[in-house]
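Trainee: Sequence:
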Amino acid sequence: MDEQEAHGESPRLLNAEEEHIRQQIRKYSHSVIPIIVLFFGLSLQPWSEDLSHLRWPGFLIGALVSICAVALRLAERSEKDELQGSVLWTEHLCLVMRIFIHIICIAFDGDSSFVFLKMVSLWWLPFGFPKACDAVQPFRSYLVLHNVLVLMRFWNDFAGGAAWMVSTVVMDKMLLDHAYQEHAQYEMRKELALAHAQLEGAAEVTTKRLFSRFCDATATLDADLRISEPAPQLAALLGLNENTMKDRVFTSLIDGADLQDFIDHMEIVSSQAHKRPDEREVLDYFKATLLDAFAKPVSVHIFHASFRGLDGRINYFMGMSETWRPPKTKSSKSSRSAGRGTS
161 MDEQEAHGES PRLLNAEEEH IRQQIRKYSH SVIPIIVLFF GLSLQPWSED
211 LSHLRWPGFL IGALVSICAV ALRLAERSEK DELQGSVLWT EHLCLVMRIF
261 IHIICIAFDG DSSFVFLKMV SLWWLPFGFP KACDAVQPFR SYLVLHNVLV
311 LMRFWNDFAG GAAWMVSTVV MDKMLLDHAY QEHAQYEMRK ELALAHAQLE
361 GAAEVTTKRL FSRFCDATAT LDADLRISEP APQLAALLGL NENTMKDRVF
411 TSLIDGADLQ DFIDHMEIVS SQAHKRPDER EVLDYFKATL LDAFAKPVSV
461 HIFHASFRGL DGRINYFMGM SETWRPPKTK SSKSSRSAGR GTS
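Throughout, this note's numbering is defined as the position within the sequence shown, counted from one, plus 160.
The set of hints was computed from the structure by calculation and includes no laboratory data. Model, not experiment: these values are computed from the prediction. Glycine included, each C-beta is placed from N, C-alpha and C at the ideal position. Some hints here could point you the wrong way.
Across the chosen pairs, the derived CB separations fall in these ranges [to be verified]:
1) LEU253 with GLU351: 16 to 22 Å
2) GLU402 with THR483: 22 to 28 Å
3) LEU359 with LEU204: 40 to 46 Å
4) PHE274 with LYS187: 27 to 33 Å
5) GLN183 with MET325: 33 to 39 Å
With the hints as constraints, model all of the structure from the sequences given.
Mentor: Structure representation (structure tokens):
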């Protein structure tokens with residue numbers, strides 16, 4: 161992550177927002193399954209003549225809700241670059257479908273004595289719309305059209321529809337206030353997430369600079385201990401081709417004698433990544449032996465730092481310093497031999 165990303169929306173933040181959108185779509189898609197089953201069940205039920213007037217409206221409403229659910233699932237499977245546009249298009253589609261459902265309820269209401277169809281059109285439709293749309297403006301537009309249909313429905317029967325109209329207006333006002341609060345909380349969470357990403361980016365950049373300055377080689381690993389970024393210094397240390405480093409499993413570079421100890425060490429590090437540094441029980445370094453291009457051992461001290469992103473994924477930044485012993489000089493040899501001679 162460079163300095164420019166630390167002051168804006170980082171890729172990690174965008175990935176977390178994308179995952180949040182996909183989770184919301186999946187959650188809403190699953191929540192409408194009982195509704196689809198209910199309306200198709202009303203359209204197919206043969207045992208009660210009292211519910212026969214709900215067969216056609218139940219079938220049509222179930223079909224429209226199914227179309228919305230399928231459209232949402234298709235939007236969830238969109239590519240990253242097309243996700244926002246697909247979700248916006250689907251939200252408008254769901255808005256139009258809800259208007260059509262309201263019209264269907266009016267058309268099949270007959271003498272306006274069917275309470276169930278009134279509850280579906282006047283209460284259930286606006287109550288469920290905020291779950292399918294996070295933006296306030298589409299919801300306001302829907303409420304305007306919704307109240308126009310309510311007014312047209314009871315235009316010739318104000319006395320009989322007064323209670324329905326008053327309850328609808330009160331509920332719409334409460335839902336609109338709730339939508340504004342949800343939107344404000346969403347914007348606040350987004351600002352906090354951006355601040356978190358900026359702080360995490362600054363910490364990551366600082367750590368990378370320190371490791372690059374004081375270590376012989378560095379490497380960035382993902383949660384699967386796979387090298388996720390180019391590692392030219394590590395390739396030079398081991399005499400390997402730089403192009404073969406990215407996407408390579410880091411454990412393939414470790415000598416077999418230290419491999420299991422290193423894996424156990426990193427499992428403990430992963431389990432304690434959510435804790436503060438002063439609460440962790442494992443040290444942030446490990447001594448291991450790497451193998452170079454000729455399978456020769458290279459003893460190193462491995463220093464590591466872990467970063468957990470907004471999407472919950474862990475990244476590790478490794479710094480490796482080659483261990484060495486100072487060479488034996490002639491003066492030290494002669495002094496030791498002289499000491500043995502005098503003794």
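Trainee: Are any of the numbered hints broken by this structure? If so, which, sorted upward?
Mentor: 1, 3
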